[in-house]
Amino acid sequence: MKQFRIIVAIMLLLACNKNDGATTINTDTSGFAKGADISWITEMEASGKKFYNSAGTEMDGIRLLQTLGVNSVRLRVWVDPADGWCNKNDLLVKAYRAKSLGMRIMIDFHYSDSWADPSQQAKPAAWASMNFDALKTAVAGHTKEVLTLLKEKGITPEWVQVGNETGNGMLWDDGKASVSMANYAALTSTGYDAVKAIFPDAKVIVHLQNGHDNSLFRWLFDGLKANGGKWDVIGMSLYPTKDNWQTLNTACYQNMQDMISRYGSDVMICEVGMDQQQAAAAKAFLADLVAKATSVSNNKVLGIFYWEPEAYGAWKNYTMGAFDDAGKPTEALDAFK
Amino acid sequence: MKRILSYIQLLALGMLLFASCKKDGSQPVLSGFTDASLTATSTQLALSQSAKDSVVLQLMWDAGKLNVSDDYAVKEALMQTTVQYAVDAGFSNIKKEVAVTSSSLSYTSAALNTLVLGFGLTAGESGTVYVRVKSVLTANTAARYSNTLTLRITPYEAVSDAAYLYMASTDLTSFPWKLCARNKDGKYDGFVKVDQWHNFLLTSEESNSAGVIYGGYPANGNQYVLYKGSDRWNCWTANGGYLYITANTNALTWSETVVNSLSVVGDFNGWNTTATPMTYDAANKIWTATITTTSAEQWGIKVLINQSWSWFFGAGDEAGVCTLYTADNSGFPYTKVGTYTLKLDLSDPHKFKYTVE
Chain P
1 MKQFRIIVAI
11 MLLLACNKND
21 GATTINTDTS
31 GFAKGADISW
41 ITEMEASGKK
51 FYNSAGTEMD
61 GIRLLQTLGV
71 NSVRLRVWVD
81 PADGWCNKND
91 LLVKAYRAKS
101 LGMRIMIDFH
111 YSDSWADPSQ
121 QAKPAAWASM
131 NFDALKTAVA
141 GHTKEVLTLL
151 KEKGITPEWV
161 QVGNETGNGM
171 LWDDGKASVS
181 MANYAALTST
191 GYDAVKAIFP
201 DAKVIVHLQN
211 GHDNSLFRWL
221 FDGLKANGGK
231 WDVIGMSLYP
241 TKDNWQTLNT
251 ACYQNMQDMI
261 SRYGSDVMIC
271 EVGMDQQQAA
281 AAKAFLADLV
291 AKATSVSNNK
301 VLGIFYWEPE
311 AYGAWKNYTM
321 GAFDDAGKPT
331 EALDAFK
Chain S
1 MKRILSYIQL
11 LALGMLLFAS
21 CKKDGSQPVL
31 SGFTDASLTA
41 TSTQLALSQS
51 AKDSVVLQLM
61 WDAGKLNVSD
71 DYAVKEALMQ
81 TTVQYAVDAG
91 FSNIKKEVAV
101 TSSSLSYTSA
111 ALNTLVLGFG
121 LTAGESGTVY
131 VRVKSVLTAN
141 TAARYSNTLT
151 LRITPYEAVS
161 DAAYLYMAST
171 DLTSFPWKLC
181 ARNKDGKYDG
191 FVKVDQWHNF
201 LLTSEESNSA
211 GVIYGGYPAN
221 GNQYVLYKGS
231 DRWNCWTANG
241 GYLYITANTN
251 ALTWSETVVN
261 SLSVVGDFNG
271 WNTTATPMTY
281 DAANKIWTAT
291 ITTTSAEQWG
301 IKVLINQSWS
311 WFFGAGDEAG
321 VCTLYTADNS
331 GFPYTKVGTY
341 TLKLDLSDPH
351 KFKYTVE
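For the record, the sequence lines run as chains P and S. First residue of the first sequence? That's 1 in the numbering used here, and the numbers climb one at a time after it. First residue of the second sequence? That's 1 in the numbering used here, and the numbers climb one at a time after it.
Hints may contain errors.
In silico BS3-like links for lysine-lysine, alpha-carbon gap of 27 Å or less [unchecked claim]: (1) S:Lys65 x P:Lys49; (2) P:Lys153 x S:Lys65; (3) S:Lys65 x P:Lys50; (4) P:Lys328 x S:Lys65; (5) S:Lys336 x P:Lys49; (6) S:Lys96 x S:Lys134; (7) P:Lys151 x S:Lys65; (8) S:Lys52 x P:Lys50; (9) S:Lys336 x P:Lys328; (10) S:Lys134 x P:Lys50; (11) S:Lys343 x P:Lys49.
The set of hints was computed from the structure by calculation and includes no laboratory data.
So here's chain P without its partners, still in its complex pose (with noise of 0.2 Å):
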């Protein structure tokens, strides 16, 4: 009787379940990232700018992502930015957004007051003097403030990345890794450590630029290595064009498998754009993209983030959005679909 009872229950859960929670959605929070880095939004929202679907009804910009495919977020946070965007507490409400919409979380830790890329990698104003052990305490302060901050509100990011395109180290110039391959390890470390003890389960990314240049990875990952360095994940940036993308997501698909075989980490591509004029170019680079790093086996590619794809009128400036100029989302994500 008692086994009665759980098929009973069993055929209860199967028969109305079917119809239960039919949206329009259904985010895939396991498996393979599609995702956008989102950053902009807030700031986008607050001077004016506003995203419509392709019936062209306004919607809530990550929401609208959301129905075009998109299963994760990606979030950059600063120091003590100028004008406070991209400081933790508009990293929180971004990150709170997506946590109500169902989304998967990456966190990417700049480490600077603006951006940090290979042209520059400046320490935040208030750590530029601090010598070198209290520089690591900073990087450990800082992450652990901004990963508590989100754990607070019950958000739990399922990846962490350690710096925004370090392919030269970060916190210039002791963390310079070309200067000191030691010191942009411990960095990193430090780093690891710190996401690992508010949230032992997320996954460490180094992320570095040009996912195609298979050399400048193996240099930078081989340094990390002999120097003690600890990382989980492999992040990469891939910003072709419509006329060289072919080449690029070739030798980008060599390197993901080098540093598959080589170190036995995971790979990510965090970031990936093209000129939002170009969208069916851009369509064809990220769909075969998706099927390049789909067919690794054993998903050791993670997933794919397209970077900034609502950005569109010009806003700073940046045109490899994916968003047309009356703020409707281009062909180009449709490979996400």
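Use these hints to put chain S onto chain P, whose structure you have.
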């Protein structure tokens, strides 16, 4: 036997369940309409003009997610969400309602300052503002409300960056035009429409007892000087018509330039400087032009003065406002598609305003 009976019972029950669910299915059930949960990044705020462009307050809420049974899709615009502000906890007098599609709102110091001064808060004093999120499905169902947050905000006195000079009749009884120094730097300009040989004075207030009254005192044959002594002459223009006037109270000079035309250029007319002239409406002191577009203007539009590419109205720093440029710059946004009237109001040079109707 008992076991077989059990299976028969089970089968019957299963059929019953199937039937009952099917019956429910003919009346789709909407669920997930709940009270929103509202949070603020800060609830105690001392605003300052020095940080006016920094984001200072963000509100975020989770209004839930609507679900409908039977595979029916939820229409995107089904749930209407508004953020309501009041200065009393009971919301008996709602000061502002903001309709939102996003699930957060962000304010810079300047934007929040303007908002709460509009509610009657006093600059330099901490005041209380209440905020909540209202969700509505349809007009005939009860609205849902979030928790109410209490914000304590100290606004600042917004100092205008602008200063005016008024173009007065010579008897100081009428002040039909004004010039503005938008950066309070003593460099004033503006657009006026006057008759030929018009005589005028420039005053610091719209009053015959204005603190400063400039006239002219032509020396060496130069009529374009400003002079505030009691033996002043009048200023005059030999041209008349629609004029661009500048006045420099540092150098004590003024100038006039005749505006022969305003013309609109954009993708819609192939950036043709003569195809779309504007017409001056003297009664309303505005310029108008009819524009037909087939798509949103990708680069915005410009309004050229005297068909010049280096003297035009282009991108402004707020909606509905354009800026006068004398060097290359971008156009102002124009997103309407179809035939509309562009109206340009240059009568208050603090902000050159435009509308599309």
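Hints, verified against the model:
no., hint, verdict
1, S:Lys65 x P:Lys49, "24 Å, holds"
2, P:Lys153 x S:Lys65, "18 Å, holds"
3, S:Lys65 x P:Lys50, "21 Å, holds"
4, P:Lys328 x S:Lys65, "23 Å, holds"
5, S:Lys336 x P:Lys49, "15 Å, holds"
6, S:Lys96 x S:Lys134, "12 Å, holds"
7, P:Lys151 x S:Lys65, "22 Å, holds"
8, S:Lys52 x P:Lys50, "23 Å, holds"
9, S:Lys336 x P:Lys328, "15 Å, holds"
10, S:Lys134 x P:Lys50, "21 Å, holds"
11, S:Lys343 x P:Lys49, "23 Å, holds"
The earlier numbered hints are all upheld by this structure, with none contradicted.
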